[in-house]
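Protein chains in written order, with our numbering: chain A, 1 to 79; chain B, 1001 to 1254; chain C, 2001 to 2572; chain D, 3001 to 3114.
I should point out that these hints are in silico values taken from the structure, not numbers from a laboratory. By construction, the Cβ of each residue, glycine as well, lies at the ideal position given by its N, Cα and C atoms.
Part of the chain B face toward chain A, derived, beta carbon under 10 Å:
| id | residue |
| --- | --- |
| 1 | Phe1031 |
| 2 | Gly1032 |
| 3 | Asp1054 |
| 4 | Val1056 |
| 5 | Thr1138 |
| 6 | Pro1139 |
| 7 | Gly1141 |
| 8 | Gln1144 |
| 9 | Val1147 |
| 10 | Val1148 |
| 11 | Ala1150 |
| 12 | Thr1151 |
| 13 | Leu1236 |
| 14 | Leu1237 |
| 15 | Leu1241 |
| 16 | Ala1244 |
Quick list of simulated restraints, FRET-style, between CB atoms:
| id | chain 1 | residue 1 | chain 2 | residue 2 | range |
| --- | --- | --- | --- | --- | --- |
| 17 | B | Leu1190 | C | Ala2451 | 33 to 43 Å |
| 18 | D | Ser3103 | B | Thr1002 | 10 to 20 Å |
| 19 | D | Arg3111 | B | Asp1091 | 19 to 29 Å |
| 20 | C | Arg2202 | B | Gln1007 | 31 to 41 Å |
| 21 | A | Ala14 | D | Ser3103 | 28 to 38 Å |
| 22 | C | Thr2486 | D | Ser3066 | 22 to 32 Å |
| 23 | B | His1164 | A | Leu30 | 21 to 31 Å |
| 24 | B | His1164 | D | Pro3062 | 45 to 55 Å |
| 25 | C | Pro2487 | B | Trp1195 | 25 to 35 Å |
| 26 | C | Val2402 | B | Leu1190 | 50 to 60 Å |
| 27 | C | Arg2363 | D | Gln3108 | 35 to 45 Å |
| 28 | B | Asp1091 | C | Val2051 | 46 to 56 Å |
| 29 | D | Arg3024 | A | Leu7 | 30 to 40 Å |
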Amino acid sequence: MSLLSALAMILVGAGGLAVVTTREPTRQALVAGLFGILLGILFFILQAPDVALSEVVVGAVALPLMLLLTLAKVRGGSR
Amino acid sequence: MTTRVRQLVFFLGALGLAALVVSAFVRLPHFGSGFSIDGAQLGALSVPQRHITDVVTAINFDYRGVDTMGEEFIFFAAVAAVGLVLRPQPDEVVRAEVDAASGRWVPPTSDAVRVLGLALVGPTILFGLYIVAHGHLTPGGGFQGGVVLATGVLLVYLAGEYEHLHGLYPEQAIKVGESVGAAGYVAIGLVGLIWGTAFLDNIGPLGTIGRLNSAGLVPLIDVAVGVEVAAGFVLLLTAFLRQAIVLRVREGEQ
Amino acid sequence: MSSLAPLPVAIPLIAAAVLMGLGHWVPVRLARLFAVVVSLSVLVLCAVLVVGSRHSLVLHWFGGWRPEAGVALGVSFAIDQFGAAGATLAALIVLAAVVTWLGSDELDAVGLALVMTTLAAAVGFCLTGDIFNLFVFFELMSVSVFGLVAIDASHVGAIRGALQMAVSNSVGAFFVLMGIALLYARTGALNLAQMGNALTSRRSDQLVVTALVLIAVGFLVKAAVVPFHFWLADAAGTAPAPVAMLLVGMVDSLGLYAVARIYWTVFSGISAPHIHALRLVLLVVAGGTALLGAALAWEEARPRRRLAYVSISHTGLMLLGVALLDPNGLAGFGVYAVADGATKAALFAAAHGADHPKHPRPRAAALVLGVGALALAGLPPFATALGKGLIEHGASTSTRPVLLAVLWFSSTLTAAAVIGMALEWWNHPMEAAQSQSRGWGWAAVSGALLAVVAAWGVVPGVARAAVRAADGLTNRAAYAAAVLATPAAGTRPRQTPTPGLGVEPLLLGLAAVLVATGLAVERRRRVSHGHEPSAVMTQPWTILKSRSIGDAVTWLTVGTALLGAGVTLAFR
Amino acid sequence: MNVLPYLVAAWLLIIGLWGIITSRNLVHLVVCVSVVQSSTYLLLLAIGYRSHATAPVFADIPLGRSVVDPVVQALCLTDVVVGATVTALLLAFVLQVHKRTGSLDPEQLARMDD
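Can you make the complete structure from the sequences, with help from the hints?
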């Protein structure tokens, strides 16, 4: 259990808490993107490059984009 | 239940669930000892048996190929479902596309964004193709490459307006692309069933290790998955884009 | 026969891709005909597999990766009669749903593609011999059905039902995956037979208990057992009737099939010494679901939701068969799941007919409900009576009276609820349906389904075949030897005697029908005289009928914790 | 110290569920579902990890080199794909519910009739 992986895991735990406690959706979309990158880094440390690549691509790119587009539709007040 | 009662009930339930889960986790093998019969064998076998150097892709597309076929159709079904749910309703009108944020003037996309966006489209598509093609050699594969290809397409929207995106990528053609990718995976499986011994049997020429055209049918599966995921994500994101920018419920309808 | 095995999954998947790709250019009528033909061919293929797997497992190792020395690297279909019968039920219900849906116009090519992926997922779910492959088909079936529930995007109730269902089933799926991860860490394998061998050779500890509980909860959420039932009332209550036919006819019985399959192939060796206590825990969950479901059905006013609660109650009855952990009980579950699934699908087809936008036919629907209520009450010749008789014989002498009471009381109350609806629709003011000839698709389907249930009840040898199939499923050592091609050390096939079902089911069925009709008529008389049910009666039910996602996930957490405590004590 | 990854997985599971039941905005609820899912990624990869072992890619290392367990990575990859698609589907439902009811609060939604 290297120090680096322990630190990454604690950061991921804190990131999860941050995502859950950010109640305002727009800010949460950015925190979720950050959480995706943190997960990607942790997977990289756990020697899982394939999973890290797909987590970064999905968690940091596709998910925030869909979140922000949903919020653009929802926030605009226009239905 | 009222929120106060629910949080209390949840707290008790969560205590029980945490106890149940943690009591099992402490009995897991020592972290870092990850030795399993399957894992060790597949690690040593995939290169000599299938000339695939990325063992995870070997497992995904060859040893456990039918799992990934199911996974691709999960993606296919989700894209179809999102298309169904977000399709324009009879009481929705297509409004002139403008990135309106209510109450303030929105500047048109600046030239810097336009130039950089267009300049990035080429490299991103190339990078996506690289990840798809080298799936069986280095980390990456059909899914990851497909998403990168889809983001390459969306740079067109960032650099220009939604109309350009709509014009360049007709929806029906993309739907056909996604279906060809999904059906391609099953077709490769049937080829294995007909000419080989079993469904998804890798009967292609294995080639030399490390070369692009090695590992028999696995690169073909990679390409099929890449086409499906790229087309699927473009459909997914244009469905959300269309909802966010173009469609409005006609006023006075509700 | 073995090379035939992957076809009932591959054909619908290719059909889904073709429908999605060419949907824009092909007329809807042709697409629907294509879907009916594909469903029919899958039904035939599954029936062939049922016959083919009579004497031995039909094995298909994907990619040609056969096991060596008891280690399975690849994924396999290990088809026994029980799994093939489950796949046949799935194909039958999907075919019935597609034919019922032909009348309405909301089903386009993309919707049909989702129906095809649901069919492929359900068949693969029944035939697979690999636990992660089971999870992938579980997820594919979930995502397809989420889309189908929300197919009419303008109906906000259906979208909310789909959202509620998606959140609950997703959390259930995460529990299943955590259970699989624990089992993989302990056994190093993902093939059901190999995991069973690896587990049986060791002592059981808390990790095995938690894995069993997490996987069981994930599939019990899919089966909508109380307290994980909230999503089914919403989804089946608001979705288009043909989608509700899928939910109540196929999806919940497959959830219970998965619990039985995984218990017998993986956990039966290691939990043999604790089987009595484990049986008690499962019987409590099953009995609770049957009784609470029946009470909720009796108390619910809206027709679609009442049918959904009837389905939840009967899922509890099916779980009684599985919970007995005994070949007879399992055979009862098999017969009852097919008969009851077809009956409930017929009821929802009738609901489709009663409030059909263009051709409402409440009277004809009332007739179907009446006949369906007879089947629900377990009146011979319907196969539900046969199923209940087998379940009853599975119980030991001590638990039989309690089991008999729960079985009888739940079927009577649910039959009364359905008869009440039939009376309501029969006295419904008759608006003249526009044209006499159109819109009878649903009637043909519900009639055919009820005919199948009745015919199945009278065919000789169904009970014996069901008990033999259940013997095959419960014999872990023989299954593992056949799958991994290892020498079968002393695994003689057990021959559980088929119980002789005397006149008892007839008497019980008649009594149930009489009491149910009496209750329904009595209630109708009191309601028409303005007697509102007292408020104190309806108060406790509001908790169990909540429609909030937060409540559903809270009950999911509490239910898992309670089941975990129960099974932990059982293994003590 | 060696049980830390499993504790973090349990932690993500519990706070994710807590986020779902206390959420007053459907978009927030959907992101909490993906937090619950991230606990399964961490559990899977922690089970397969071997200390002093490298990634299971033999493009540039000799065959004999000890590697991390590749099977759990294949399972985790499938899980990430499933997570992405289910989140997209949930967001589509949320968007449609808001369009028809004008509200995003799950409690208000629960009180609304069909």
